[in-house]
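Line order of the protein sequences matches chains A and B. Here our numbering is used: the first residue of the first sequence is 33, the next is one more, and so on. Here our numbering is used: the first residue of the second sequence is 332, the next is one more, and so on.
Everything labelled a hint here was simulated from the structure, so no lab data went into it. Be aware that one or more of the hints could be misleading.
[Said to hold, decoys possible] In silico DSS-like links for lysine-lysine, alpha-carbon gap of 27 Å or less:
{"#": "1", "chain 1": "B", "residue 1": "496", "chain 2": "B", "residue 2": "534"}
{"#": "2", "chain 1": "A", "residue 1": "179", "chain 2": "A", "residue 2": "114"}
{"#": "3", "chain 1": "A", "residue 1": "114", "chain 2": "A", "residue 2": "67"}
{"#": "4", "chain 1": "B", "residue 1": "598", "chain 2": "B", "residue 2": "496"}
{"#": "5", "chain 1": "B", "residue 1": "496", "chain 2": "A", "residue 2": "179"}
{"#": "6", "chain 1": "B", "residue 1": "662", "chain 2": "B", "residue 2": "679"}
{"#": "7", "chain 1": "B", "residue 1": "662", "chain 2": "B", "residue 2": "678"}
{"#": "8", "chain 1": "B", "residue 1": "596", "chain 2": "A", "residue 2": "141"}
{"#": "9", "chain 1": "B", "residue 1": "534", "chain 2": "B", "residue 2": "598"}
{"#": "10", "chain 1": "A", "residue 1": "114", "chain 2": "A", "residue 2": "141"}
{"#": "11", "chain 1": "B", "residue 1": "598", "chain 2": "A", "residue 2": "179"}
{"#": "12", "chain 1": "A", "residue 1": "141", "chain 2": "B", "residue 2": "679"}
As the structure is a prediction and not an experimental result, all values here were calculated from the model.
Residues per chain are reported as follows:
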Amino acid sequence: MSAIPFAPALEVSERVPLGEGREGCAALIADIAAKRPGAEKELVDRFKGHVHRLLTRMLGPGPDVEDLLQEVLFRVFSRLHKVVPPDALPGYVTAVAVLVAREALRKRKRARWLSFFSSHDLADLAPAGHAAHIPEDVRSFYSVLAKLPAQSQLCVTLRHVEGMELAEMANAMGVSLATTKRHLQRAEQELTALLGRDVEVVSSRGASLGLREEAR
Amino acid sequence: MSSVIGQIGARVASEQDRLLAAEPLPSSEDVLAGIGRRRVRAQRRVRIVAAAAASLVVLLVVSFGARTWREPQAAPAIAIATAVAPRQPALGVTRAEEASVPLQFDDGTKIVVARGATAELREVRAHGAVIALEGGTVNVDVVHTPESRWDVNAGPFDIRVTGTKFDATWDASAKRLTVAMTEGTVVVSGPCVNEPLAAPHRKVFTCPAEPAPAEVASVDVNALAPAPSPVEKQAAASAPPPPRETVSALMAEADAARLGGDAAKAKRLYASVRERFPGTDQAGKSAFLLGRMADASGSPDEALRWFEAAARERGGFAQEALGRSMELEQKRGRGDRAYALALDYLKKHPRGPYAAYATSIVDAHR
Numbered sequence: 033m034s035a036i037p038f039a040p041a042l043e044v045s046e047r048v049p050l051g052e053g054r055e056g057c058a059a060l061i062a063d064i065a066a067k068r069p070g071a072e073k074e075l076v077d078r079f080k081g082h083v084h085r086l087l088t089r090m091l092g093p094g095p096d097v098e099d100l101l102q103e104v105l106f107r108v109f110s111r112l113h114k115v116v117p118p119d120a121l122p123g124y125v126t127a128v129a130v131l132v133a134r135e136a137l138r139k140r141k142r143a144r145w146l147s148f149f150s151s152h153d154l155a156d157l158a159p160a161g162h163a164a165h166i167p168e169d170v171r172s173f174y175s176v177l178a179k180l181p182a183q184s185q186l187c188v189t190l191r192h193v194e195g196m197e198l199a200e201m202a203n204a205m206g207v208s209l210a211t212t213k214r215h216l217q218r219a220e221q222e223l224t225a226l227l228g229r230d231v232e233v234v235s236s237r238g239a240s241l242g243l244r245e246e247a248r
Numbered sequence: 332m333s334s335v336i337g338q339i340g341a342r343v344a345s346e347q348d349r350l351l352a353a354e355p356l357p358s359s360e361d362v363l364a365g366i367g368r369r370r371v372r373a374q375r376r377v378r379i380v381a382a383a384a385a386s387l388v389v390l391l392v393v394s395f396g397a398r399t400w401r402e403p404q405a406a407p408a409i410a411i412a413t414a415v416a417p418r419q420p421a422l423g424v425t426r427a428e429e430a431s432v433p434l435q436f437d438d439g440t441k442i443v444v445a446r447g448a449t450a451e452l453r454e455v456r457a458h459g460a461v462i463a464l465e466g467g468t469v470n471v472d473v474v475h476t477p478e479s480r481w482d483v484n485a486g487p488f489d490i491r492v493t494g495t496k497f498d499a500t501w502d503a504s505a506k507r508l509t510v511a512m513t514e515g516t517v518v519v520s521g522p523c524v525n526e527p528l529a530a531p532h533r534k535v536f537t538c539p540a541e542p543a544p545a546e547v548a549s550v551d552v553n554a555l556a557p558a559p560s561p562v563e564k565q566a567a568a569s570a571p572p573p574p575r576e577t578v579s580a581l582m583a584e585a586d587a588a589r590l591g592g593d594a595a596k597a598k599r600l601y602a603s604v605r606e607r608f609p610g611t612d613q614a615g616k617s618a619f620l621l622g623r624m625a626d627a628s629g630s631p632d633e634a635l636r637w638f639e640a641a642a643r644e645r646g647g648f649a650q651e652a653l654g655r656s657m658e659l660e661q662k663r664g665r666g667d668r669a670y671a672l673a674l675d676y677l678k679k680h681p682r683g684p685y686a687a688y689a690t691s692i693v694d695a696h697r
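Using the sequences and the accompanying hints, generate a full structural model.
What follows is the structure, given as structure tokens:
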């Protein structure tokens, strides 16, 4: 029987270039400070897609992403006057998103500890409903990832799912480049230990990528 | 291994992008409305904190001021004179170690703490008091008035007294209350009882495992030592039935065992759920979890049996179970079986999480 063909992977969508529109950022911040009508909406329009995608990468698809999107932008607006220089706005938005995601991951861990039963720890077991359309391998990946500390989860998702460069990661997480490398290495080791046999489960549909061989 | 994680991550990103492309982003108006609500909540929090801080300052000032201003003490509603141990506080514990101790109230009520007994005067009311009998016997003689309200607490029991004379004896080790009436009526309430008792009756009360106490029709009220009835002795020998376990509690214990790594215990508990609560959502979920555990431990045949059960039953895991069965059969090289399951899956769950996988199996089989 021939190998099962898989649908070709889609191109990873382009990320918002962090340095985009430096002059635009300064003008936008000034307009918001001056309460120009439509200025806040312009900021939301510019960044909501980026933040939504980032949160999805870091937390996995779930019903709380939209709520956290509001939280991220609320905090950005609250501290807009502290963004110095103004062209650091895109990086600042990313850093706030990472901070909010870290808080959400820690909250999930606390809830799991208290209840001994977490819908996220068993993300791959979620019954038909909201998560019904989420592919099994995505759910399995985040289910395994949820066993790591929050910082390690962020390292893995920002680097390997979002595809951030190390310098960008350091800026987003608010730590030095050396610390970022160290955290990332530890996270990869932790995830490797956890995946074990699950590598086959998560990557079984990537058999054409030769993952099974590499995992051994 | 980093490259493996990278490839997995790329695959995950690709699937996520597909999902994100299919679902529209929330509108900017909705996002701004949500931000507006957060701003209102934040302002409310600031006001509450400010009000709390102001209240604390006021409280500190008032309490500091009150300490420097001595108020005349209010006269007690009932004056209490004790015949023994004059240092005994009005409210507190009385231990009649050497001799009985009478507590005399100014309305004429008298409560005698019998020798060897311990009782506490917990509360003095305008027209009564609360006595807590910690062990032994108290002789109670309450003067009746329309407003009289006295309570004698003994363990879980309460004797409500409105004007009567009786003896109450509490055996803390046996959790047994004996009430012997001389005059009037009391109401005895507790976890398993709420009934009046009138003179000249004597009754023994216990809860919850022992049966209702037998009433002694006539008794010498001077015989204060209580005697357990034969029924009580017989009932005490039998163990109380264990509490009925709910399916939720059993599932929680099973989940805790599974997450804690005790697979054997988890399997036993999930099997118990299925045996004791068949046809429930939890029974169906247990089948799915047992299948997963069997798969993880390298028992595909057992896993398939559980997945097939979960696919038939309630519990909300039918499509996952069918998908896993399909995947297992495919891994084991049973292409025809996987194909049949894939067709079944696409028929029942055309938009399920395994739909793409099922489609690829069907396409490859043709």
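For each hint, the structure was consulted:
| no. | hint | in the structure |
| --- | --- | --- |
| 1 | B/496 - B/534 | 14 Å, holds |
| 2 | A/179 - A/114 | 35 Å, violated |
| 3 | A/114 - A/67 | 17 Å, holds |
| 4 | B/598 - B/496 | 62 Å, violated |
| 5 | B/496 - A/179 | 68 Å, violated |
| 6 | B/662 - B/679 | 22 Å, holds |
| 7 | B/662 - B/678 | 22 Å, holds |
| 8 | B/596 - A/141 | 24 Å, holds |
| 9 | B/534 - B/598 | 51 Å, violated |
| 10 | A/114 - A/141 | 31 Å, violated |
| 11 | B/598 - A/179 | 22 Å, holds |
| 12 | A/141 - B/679 | 35 Å, violated |
Hint check: violations occur at hints 2, 4, 5, 9, 10, 12; the rest are consistent with the structure.
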